[in-house]
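J.: Start from the sequences and build out the full structure, keeping to the hints where you can.
Chains P and L, in that order, are what the protein sequence lines are. For the first sequence, our numbering gives the first residue as 1, with consecutive numbering after it. For the second sequence, our numbering gives the first residue as 1, with consecutive numbering after it.
No wet-lab data here; the hints were simulated from the structure. Mixed in with the good hints there might be a few duds.
Below, a list of computed lysine to aspartate or glutamate pairs in the EDC-like style, where the Cα atoms sit at most 20 Å apart [what the hints assert, rightly or not]:
#1 L/Lys-41 with P/Glu-3
#2 L/Lys-36 with P/Glu-3
#3 L/Lys-40 with L/Glu-82
#4 P/Lys-38 with L/Glu-82
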Amino acid sequence: SQELEQSPQSLIVQEGKNLTINCTSSKTLYGLYWYKQKYGEGLIFLMMLQKGGEEKSHEKITAKLDEKKQQSSLHITASQPSHAGIYLCGAYGSNYQLIWGAGTKLIIKP
Amino acid sequence: DTAVSQTPKYLVTQMGNDKSIKCEQNLGHDTMYWYKQDSKKFLKIMFSYNNKELIINETVPNRFSPKSPDKAHLNLHINSLELGDSAVYFCASSQAGGGFSYNSPLHFGNGTRLTVT
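T.: Below, the structure written as structure tokens:
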């Protein structure tokens, strides 16, 4: 069955530094979503990517979907404490079921 | 003005009890979901309803029974609770019809942390 692999599993970054989180599938992805989860809260929708090569930005967060539509990266520029949380990618696979990565835990050191 | 709200936020109960979690969305969405997030943070789909009709029912013990009185509500009832049921349960909704839509992200509630002792 198709799976989404996220890397790294966890990340500790000094405040102000840039970072990248990856989401990889062995098969083509359709409708790739990035979400953020804070402890005790639900998942907050960040961005959706659909087309190969697509790139979207929101404030200091940029997400890209590669041309083959098998990998997406989430890049945060000049990280802030408010960026801390768990980032999850979700996507529709070839069987039209929504699948999820295991999440990347991001800690920002002041 | 909460879009997807679920209650209670925390639920602590003993093995063997029956409990319910309620979910309501005010987004006018057609599809609602229940997800289970385990200790490793994996999100697993349990059920999906579209306009009050069950469209996804993953391999979930039949102790779990969803009920959708109308398309804005999807409640989850759990009978004979077991230790392994301890997890965070998330309700979500989307505009998707038929269970999926590439253009329709899910909107999640804040989760219900269930602890079975």
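J.: Please go over all the hints and tell whether each is borne out by the structure.
T.: How the hints compare with the structure:
Distance check on the hinted pair: L/Lys-41 and P/Glu-3 sit about 15 Å apart at the alpha-carbon level, within 20 Å; holds. With a CA separation close to 17 Å, the supplied pair L/Lys-36 and P/Glu-3 stays within the 20 Å bound. Pair hint L/Lys-40 plus L/Glu-82 holds up; C-alpha atoms about 19 Å apart against a cutoff of 20 Å. Taken as a hint, the P/Lys-38 and L/Glu-82 pair is broken in the structure, with Cα atoms around 27 Å apart against an allowance of 20 Å.
Hint check: a violation occurs at hint 4 only; the rest are consistent with the structure.
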